[in-house]
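Asker: In case you want the letters, here they are:
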Amino acid sequence: MLKQFFSYYKPHKRLFIIDFSSAVIVAILELAFPIAVQWLIDELLPERDWNLIVTVSILLFAVYLLSTFLQYVVSYLGHKLGINIETDMREQLFTHVQRQSFRFFDNTKTGHIMSRITNDLFDIGELAHHGPEDFFIAIMTFTGAFWIMFNINPTLALIALVMVPLLVALVTYCNIAMNKAWHNMYHNIAGVNARVEDAVSGVRVVQSFTNEDFELERFNHDNGLFRKAKIKAYKVMAGTHSSIYMMTRLLTVIVLVVGAWLSFNGDLKYGELVSFVLYTNVLIKPIDKISALLELYPKGMAGFRRFQEILAKEPEIKNDPNAISVSKLTGDIQFNQVNFSYDDQQQVLENINLQINPGETVAFVGPSGAGKTTICSLIPRFYDVNGGAITIDGIDIRKMTKKSLRSQIGIVQQDVFLFTGTVRENIAYGNQQATDEEIIDAAKKAHLDQVIAKLPAGYDTQIGERGLKLSGGQKQRLAIARTFLKNPPILILDEATSALDTETERMIQQSLDLLAENRTTLVIAHRLATIKDADRVVVVTNEGIAEEGSYQELLAKDGVFARLHKIQYEKNQD
Amino acid sequence: MLMEWFLILAILTGSLIVLLMHWGLFLLQVVFAVVVTSFLPTDWFWGALIIQVIFGLWIIRQTFQAAWYQYQLELEKTQRIPQHYTEGGRSGIKKNFL
Ligand SMILES: Nc1ncnc2c1ncn2[C@@H]1O[C@H](COP(=O)(O)OP(=O)(O)OP(=O)(O)O)[C@@H](O)[C@H]1O
Ligand SMILES: [Mg+2]
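For the record, the sequence lines run as chains E and W.
Each residue of the first sequence is one higher than the one before, counting from 0 in numbering that gives the first Met the number 0.
Each residue of the second sequence is one higher than the one before, counting from 0 in numbering that gives the first Met the number 0.
It is worth saying that the hints were derived from the structure and are not from the lab.
Hints are supplied without guarantee of correctness; some may be wrong.
To be verified - Straight-line Cα separation of at most 25 Å, BS3-like style, residue types lysine-lysine; simulated pairs:
1) E:Lys485 with E:Lys474
2) W:Lys93 with E:Lys234
3) W:Lys93 with E:Lys179
4) W:Lys93 with E:Lys229
Said to hold, decoys possible - Ranges between beta-carbon positions, derived for each pair:
5) W:Asp42 with E:Lys2: 40 to 46 Å
6) W:Ile80 with E:Ala545: 15 to 21 Å
7) E:Glu196 with W:Ile80: 15 to 21 Å
8) W:Asn95 with E:Val195: 35 to 41 Å
9) W:Asn95 with E:Thr107: 46 to 52 Å
10) W:Ile80 with E:Ala35: 47 to 53 Å
The beta carbon of each residue, even a glycine, is placed where N, CA and C say it ideally should be.
Starting from the given sequences, assemble the full structure and let the hints guide the process.
Answerer: Structure follows, in structure tokens:
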């Protein structure tokens with residue numbers, strides 16, 4: 000997995016090399032500084048040559064400037080590298096998700112995909128930047144500092160090193176205390192969240208019982224608990240910081256005392272003592288970095304694993320290697336012994352045989368859940384059949400490219416999805432190349448023009464998630480306008496179950512009739528009144544296709560359809 | 000010189016054992032280091048060094064696993080995955096992480 004992870008560095012090799020080598024140079028300069036100080040104290044000071052000391056100081060300053068610049072480079076380019084890799088992965092993930100079939104989205108929550116694309120990739124980006132660099136630098140400075148200390152004085156170096164486990168013990172202990180404090184906090188914030196969620200989702204109940212004060216009291220209780228837990232966490236945090244500070248100073252003092260003693264015995268020069276003290280600070284810095292990496296590594300790697308899991312999911316519906324790109328189908332649709340199930344457990348369609356002639360309007364009726372929508376989703380290959388075949392104009396749809404097949408089919412779905420954007424953009428979704436005239440023409444045909452005229456900014460009014468909310472009927476007409484723009488030879492209309500007022504319904508019916516002209520049309524209808532003019536009615540029940548024939552024929556037959564008709568007719572009488 | 004290298008390894012391994020909070024093993028490491036540096040015949044020294052290296056590598060592996068466990072706990076506590084180690088309000092903190 001690490002190998003795959005590093006393959007993402009390849010396009011940014013140059014950036015990585017610059018960043019990495021800058022970091023290495025910074026670390027080397029960091030290591031060199033105490034040596035310079037030692038040299039200054041032990042060699043230059045005794046000679047009392049002021050000019051030399053000034054010159055050396057100026058040089059040292061120059062080196063510091065260089066180091067500052069390189070640190071800037073590391074911080075800037077390093078993060079740039081991280082975000083570049085993150086962006087590449089995000090693009091790859093988005094492309095991959097877009098290629099997935101319907102079944103993938105049936106089984107994957109939107110929030111799940113969202114967090115893959117945002118949070119996870121954020122962690123991966125951090126790891127991509129900090130991981131290799133910090134790991135290498137930490138090991139390098141630690142061993143480097145220790146090696147130099149060891150060469151100055153092995154005894155003192157080992158004494159300083161023994162302090163490391165003590166420091167680690169302290170950090171560990173503090174982490175546990177922190178963990179406990181955070182645990183309490185998370186527990187309490189969950190309580191607060193649950194309370195808010197209850198109060199907001201149940202606001203109608205709360206208000207109808209006028210229990211606002213009671214809710215506030217309960218909320219204040221939980222909120223207070225959370226505050227206490229958080230204050231405690233801060234207390235632990237403050238304690239952690241100060242005790243780690245104390246420990247590092249203690250290390251300095253111990254080195255100072257032992258060093259002074261060694262120096263009395265003539266084992267250590269003054270400059271060496273000073274540089275030793277400076278090195279103790281260099282020595283403990285990587286401990287921090289390593290512990291941060293221990294936290295970052297699983298986060299980033301788990302994110303990367305999930306990233307790869309999604310990438311490994313091949314889209315279920317793929318183009319056949321020999322798929323042909325069809326142009327202008329006539330709409331001679333044939334179902335041959337089609338079997339289909341969504342999940343291998345429950346067979347939704349069994350042995351369906353159906354012939355739809357070019358230009359015909361066929362209506363599907365039947366109880367809810369019978370499989371009407373399912374039959375229609377098979378035609379554009381949103382799902383593949385489990386058995387049998389569907390052909391259009393005599394060609395198996397699995398032998399056509401997905402793109403060419405779907406470009407021949409227009410669908411007006413039960414629930415219309417509007418994108419964030421203007422009305423114009425939403426209509427133009429049917430055909431990105433459409434001119435303004437074509438868009439206005441489509442809106443007119445969908446009886447949407449009067450509605451748009453009343454909008455504050457006409458065709459440029461923002462709609463969708465964060466804009467104006469359109470009514471159900473308006474949405475449907477917008478979807479119809481989209482389909483007019485697409486102008487496909489095959490049309491699938493999945494009528495909304497929600498009832499619209501008669502006026503709106505009449506208007507929608509008119510535009511649908513206009514849309515259906517000269518196309519092969521499949522209508523899924525819930526109100527039988529809307530399918531009186533259909534060439535043929537297909538009655539779908541849980542057992543499959545129960546009856547087939549014209550509206551009048553089926554009424555005369557006195558079967559399932561006649562019963563449905565009677566129920567609806569009686570309802571309307573009420 | 001070799002002796003010092005052995006001691007460095009022992010101290011660093013000891014640090015990681017401390018991180019994993021296994022005091023018994025820590026004591027073992029200390030005793031091992033003392034025995035090797037003070038009483039062991041020099042012929043056996045290489046063997047001790049190899050044992051120390053292998054032990055150190057094993058401890059590094061354990062450290063990574065502890066890091067994964069820690070992350071698991073964080074995920075559970077921030078309600079991103081179902082509770083397993085922290086079920087029923089437990090904090091999930093172990094006495095040691097070996
Ligand atoms: N995405 C899906 N995943 C799994 N099962 C599904 C899915 N969509 C529908 N089903 C199941 O398939 C069966 C047929 O559903 P379908 O949507 O085709 O019914 P319908 O005839 O269009 O009903 P309605 O009149 O309510 O729109 C139902 O039992 C339903 O639970
Ligand atoms: Mg349906």
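Asker: Work down the list of hints and note, for each, if the structure agrees.
Answerer: Hints, verified against the model:
no.: 1; hint: E:Lys485 with E:Lys474; result: holds, 17 Å
no.: 2; hint: W:Lys93 with E:Lys234; result: holds, 23 Å
no.: 3; hint: W:Lys93 with E:Lys179; result: holds, 12 Å
no.: 4; hint: W:Lys93 with E:Lys229; result: holds, 23 Å
no.: 5; hint: W:Asp42 with E:Lys2: 40 to 46 Å; result: holds, 42 Å
no.: 6; hint: W:Ile80 with E:Ala545: 15 to 21 Å; result: violated, 47 Å
no.: 7; hint: E:Glu196 with W:Ile80: 15 to 21 Å; result: holds, 20 Å
no.: 8; hint: W:Asn95 with E:Val195: 35 to 41 Å; result: holds, 39 Å
no.: 9; hint: W:Asn95 with E:Thr107: 46 to 52 Å; result: violated, 39 Å
no.: 10; hint: W:Ile80 with E:Ala35: 47 to 53 Å; result: holds, 51 Å
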